[in-house]
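Q: Given next are the chains, with one letter for each unit.
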Amino acid sequence: MKKVKTTLEILENISEKEPSKWLKNENWENKNQDWLDFSFKIALKVLLILGEKNISQKKLAGLMKVSPQQVNKIIKGHENLTIETIFKLEKAMGVKLISIGNNEKGLLKPAMKQNKISKRKQCYSLPFIINNKPKSLKLQTNYTNKIATYKFTKYKNTKNKYSKIARLHDLNVEIEA
Amino acid sequence: MKITRIFVRNKQALFAVHTDGEEFDEFVKLFNQWKDPVFLMNFFMKHKNNFKKPFVNKINDACLNVRKNANLISQKIRDAERDKVFLESLFQPLNDLESAYKIPQRSKHKIGNPKKDIPLRIYAIKADKNIYVITGGAIKLTNKMYEAEHTAEELKKLNKCKNFLKENELNCIENFTEFGI
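Chains C and Y supply the protein sequences, listed in that same order.
Note that numbering that gives the first Met the number 0 has the first sequence beginning at 0, numbered continuously upward.
Note that numbering that gives the first Met the number 0 has the second sequence beginning at 0, numbered continuously upward.
Hints may contain errors.
[To be verified] Pairwise CB distance ranges, derived in the manner of DEER restraints:
1. Y:Asn162 to C:Asn31: 33 to 41 Å
2. Y:Pro118 to C:Ser98: 30 to 38 Å
3. Y:Asp82 to C:Lys20: 16 to 24 Å
4. C:Lys20 to Y:Arg81: 12 to 20 Å
5. C:Lys4 to Y:Val37: 42 to 50 Å
6. Y:Asn158 to C:Glu89: 45 to 53 Å
7. C:Ser98 to Y:Asn41: 23 to 31 Å
8. Y:Lys67 to C:Lys23: 16 to 24 Å
FYI, nobody ran anything at the bench for these hints, they're computed from the structure.
Heads up, the beta-carbon is just placed ideally off N, CA and C, and yes, glycines get one too.
Sequences are here, hints too, so could you generate the full structure?
A: Structure representation (structure tokens):
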């Protein structure tokens, strides 16, 4: 009697012997996600600048004194860029791609640079003192203008705090980013 | 047309279409595109009219959003490979079928926030319970697939694959499905 083939048997029969590279690729990508994300962001920035300044990839390769293939790898976002390559890119395009804090004060207050930290932690890193614990606190940092805006709602010390209207303060404090 | 195995594990299996003459199967091609800054930049520049506001400044956000969502989809599929989730819980029936044969036309739907609203789709044929064959995928910019050229093309690929499986005596239990974020 002829055996009825299952769906899986039919598919395995008609599929190629060599499995897809997808799983291998994605496992590798997942393992290296941090630097790949960074490389992707640099590639996007490079592409935007090339578009803005109307520089061709070939011209960029010439300015960087590297092969066009190397530039192609950079803009594909899969290149583990060296500091030397990043500097070459910056010099060729005349634009700063990455920067690190070179100021002691800035390095000592990393919490101020994060938006997703707890309210309590934000309080500790504030460059001014709040006597009562704020009900809500929002931190918006603009690194370009070196301005951190703290918006918080503060309650007065009263017995029935729900009946009182919250007072809103907007403070602009300069920080060194 | 050929079929390539992505994974076969216990009672779950995922395959992908491999078009003749192409170096990679459709699934590898799709993820290569979703993680390629050059492809994404060109894609969004081409489809900038699908966005509500002047889009050029936000193209960066859109590209980052696609990459982030592609990684999320990848994670879900890899979870299925480890039997943490069932493929059936990921793929939903495609309710776009009436549009399959319509002519592409401009969509009225516009995308607001490139940081959030860029949905990705994987299209597949459900061959059996927890067994799927991926035909392709897309960055879905319009409500209906026929409203954009690139998604209308995906419908054609689904039909082509369905016919190919039929020729190989495989009657699928659900023709067209999609999974996406």
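Q: Is 42 to 50 Å a correct range for the gap between the Cβ atoms of Lys4 of chain C and Val37 of chain Y?
A: 44 Å Cβ-Cβ, so the 42 to 50 Å window holds.
Q: Range hint 16 to 24 Å: satisfied by the CB atoms of Asp82 of chain Y and Lys20 of chain C?
A: holds, 21 Å
Q: Note whether the CB distance of Lys20 of chain C and Arg81 of chain Y lies within 12 to 20 Å or breaks it.
A: holds, 18 Å
Q: Taking the CB of Asn162 of chain Y and the CB of Asn31 of chain C, does the distance hold inside 33 to 41 Å?
A: Taking Cβ atoms as reference, Asn162 of chain Y and Asn31 of chain C lie about 39 Å apart, which means the hint holds.
Q: At the C-beta level, are Pro118 of chain Y and Ser98 of chain C separated by a distance inside 30 to 38 Å?
A: This hint holds: roughly 34 Å between Cβ atoms.
Q: Does the Cβ distance between Asn158 of chain Y and Glu89 of chain C fall inside 45 to 53 Å?
A: Given a distance of about 50 Å, which is inside 45 to 53 Å, the answer is holds.
Q: Does the Cβ pair Ser98 of chain C, Asn41 of chain Y satisfy 23 to 31 Å?
A: Taking Cβ atoms as reference, Ser98 of chain C and Asn41 of chain Y lie about 29 Å apart, which means the hint holds.
Q: Is the gap between the beta carbons of Lys67 of chain Y and Lys23 of chain C within 16 to 24 Å?
A: holds, 22 Å
The structure meets every hint from the earlier list without exception.
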